[in-house]
Structures are given as structure tokens and as C-alpha cells.
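Asker: Chains as they are written, first to last, in our numbering: chain F, 106 to 430; chain G, 847 to 961.
These aren't lab readings, by the way, just hints derived from the structure by calculation. Please read these numbers as outputs of a predicted model, since none were measured by experiment. One or more hints might be untrue.
Derived DEER-like restraints, expressed as beta-carbon distance ranges [to be verified]:
hint, chain 1, residue 1, chain 2, residue 2, range
1, F, R397, G, S850, 20 to 28 Å
2, F, L375, G, E857, 19 to 27 Å
3, F, L375, G, R928, 47 to 55 Å
Note that CB positions come from ideal geometry on N, CA and C, so glycine has one too.
This is what each chain is made of:
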Amino acid sequence: MSSLTAAKTSVIKQGVEIVKAQGIRKQSPAAVFVCAFFLSGCVATGPSVESAPVQAFRDSVATLQAASETALAAERDRAYFRFARERGEVNDFAALQLESVQPMSPFEMQQTGNPLFRSIDSAHESLGQLHDLLLRYCDALLSISGPDGVATFDADAEAGALRDAAESFAASADVSLDVPDGVFFGFAEIARNYLESRRRDEFDALINASQPTIARVAELAQQLVTLSALGLQAEYAAAYSAMTDDVDSLSASRRARLPTDLLELNEETLHQLAVLGDLNAAYGTLPSTHARLATASSARDLGLSEIAEYLRSIRRRYNEFERSN
Amino acid sequence: MAISAFDKKLEILSFVIFLHGKLIRLALVLEQMGEDSARVREREAKALQTIDAMRAAMLTTWSGNAKSVMRDLRAINADAQRRVRELENTIDRVGKLTSVLERIDKAIALVRNLL
């Protein structure tokens, strides 16, 4: 029997003995209250939820959000400049005009023809909203976890009040109450564990209920990252074609610079694709990391090293690319 | 895991992008040989139009799918907030224990009055 269980048994025993010692009838209010109180302390105990892994998970989600905003911008920027170039080539400036929205919407205007880069913007906005919701979910998990969560209370004070009440009760009945402090202060531990146990239950239920949705979020994010990578490939081909089309009409200096420009385009494209590859892999680790929250007692247990390595790789690639340019 | 319709579209898009790249290369090779590449360039432009249309459609589908998952996430967050509120009620339950103590005091006072 654990010391805690022994303490609980002892508390109950003491309560019953107090009632017996007083010869109070079962129906008397005092007996009912005393039993009710002692039995209230007899609750399941369990490990508390550590907030460190939840905070680490939240930090990873926030870092992923920032990384995705930067990485996905590459495709958007290329689609934007191609749209401008193509409209300019055919003198189609009407396609660049913003129009008012009807019925009256003073704070909105829209571009005719819904260019591709606007669709990309819209999808990125949706991904941002998904991240925001994910972070709100993480905040809820943080509320439930850790010693400073919502379920804190001064258990020692409660235990002190119990002892005072019991002593007062014993004194009023003129009996000796030979109860060691430890028994009553043991209540503090029982009550604290009771609340922590409740938190663990609530926390695990949330993790389990959310797991399919988190997996779906990760899958969606990976789909968008993959679509962005293919979009980048398409934009590369369009840029390459535009740069090499009708080479004979280029000036001598532009023609001389063309191979270097093409190589720079290649380098930039390969760098951006590699970043998107890391981002895709990082999103892939999200579901298993989330599932491990149910059992992790430290950030180390989450197995964040994998996702952290991808995020470090993204940062390294940006640094290298900036240095090379 | 079964490949979703979206993943199939990604594969098709990938193939059209590959084809587009090959058309660009063919046009360049023809031009280097002094041949007319107009018909290839025409198909290259059509391939790019197809790619753009596919990307736009897939981005719209993706946003639609994201919105359905957003609904799920909102439901999860509502559930989470409910659980947090329940835990706050747990504090109330602890408060109730305190009130039990107070009632014990009152009961003791009643018993004392009987003595």
C-alpha cells in the first residue's frame, strides 16, 4: 500500500473513530458532515500534467507558422511578378485595375479576373487561420497543465482548517483528539492530487479527441506546401522560358549576362524548394508529437528533436542563401 | 494510406509541369537548329495556362478543405474551453469542501449547545 493510500485510509478511519467516540447517531448532521468531508478526500490520485512539453509543442507550432509564412511567400512573389510582366507584355492594363465591390463595401476593392497570386493569398490566409486556431488549442492545453493552471488552490490552508475544525469538534465533546498533524496535512496532498488527477483526465481526453483533427491539419498543411513547391516549379519554368525566349533579340550585354542570370534563378529555386521540403517534413512530425503530449512529462519526451532539426535546417538555408547573395 | 483526390491532382499537376518543361526545352532546341518553334511555343503557352488553371482550382479546393477543418478546430477549442470551465468548477467544488468545514463548525456549535 502506498504511503498516500495509507494516509487516506487513516483519514477515513480517524473520521469514523471520531464519530463512534462521540456516540452520535448516524442521522445527526455532525456525523453526516464529518463523514462527507473525510470521504470527499478519498479520491483517485495520479500524475499531474507538466506544462513544459505543452509549451514546447506550442513554441514549435508558432515557429512552424512563421517558417511557413516566409517559405510560401516565394511562390506568391513569383506568381505576382509574372502576372505583372505578362499583362505588361500584352498591354492589358485593364486587368490591373481594382474595382469597387457591390453592394456597397467601402473598405473593399477587388481585382478583375482573380489572378493566381490572389488565390495563393487566400490559401495562405486560410493556413494562417488554421495556425491561429491551433495556437488557441495549445493555450487551452496550457490552461489545464502545470502547477499554475486554473485548478490551483491552497490545499495546506484547507488542511489546516480541517484540523482546526476537528480539534474544535473534539474539544466541544470533551474528548482527546490524538490525531497527528501528518494525517490532516496529508489531506493537502490528497486534495492536490485529486485536482491534478482531474487535470490529467481532462488533458488526456482533449489530446485523444483532438488527435484526428491535428493529423488532418498537418495533412492539409503538407498539401499546401506541396502545391506551393509545384507552383514554384511552374513559376521557374515560366521565368526560364521568358528569359530564354527570342534570345537573338537581346542586346549583347544582356545576352552575355543571361547564363549567370539563369544560374542564379536555378540557385534561388533549388534553395526555395529545399526550404519547402524541410517545412513539409516538419509538418509531418506534428501528429506524432501531439500524440506524445499525452504521456510526456518533459519537453524531451516529445521527441521534438526531429521537428527542431527541420526548423534549424530552414533557418540555416535562409542564412546560407542570404550570404551567397 | 489511401491517396486522396487532392493528392491525385497534385500528381497530375506535377506531370503537366514536367511536360511544360519539356516543351520549353524542345522549343529552345528547335530554335538553336534554326527551325520554327512557333507551334511548340503555342503548346507551351497552353500548358502554362492549364497549370495556372489547375493551381487556382486546387488552391480554392484547399481553402474549402481548410475551412472544414477549421470548423473541427473551433469545436475542439469550444470543448477545451468547456473543460477549462469544468476545472474552474472543480475549484468551486473545493470551495464547497470549505463550506462543509464551515457547516461542521456550525454542527459542532449545535452539539455544544446540547451539552
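Asker: Taking the hints in turn, state whether each one holds.
Answerer: Hint-by-hint comparison with the structure:
1. At roughly 25 Å, the beta-carbon separation of R397/F and S850/G lies within the given 20 to 28 Å, and the hint holds.
2. In this structure, L375/F and E857/G meet the distance hint of 19 to 27 Å, their C-beta atoms being roughly 22 Å apart.
3. Checked against the hint of 47 to 55 Å, the pair L375/F and R928/G passes, with Cβ atoms roughly 48 Å apart.
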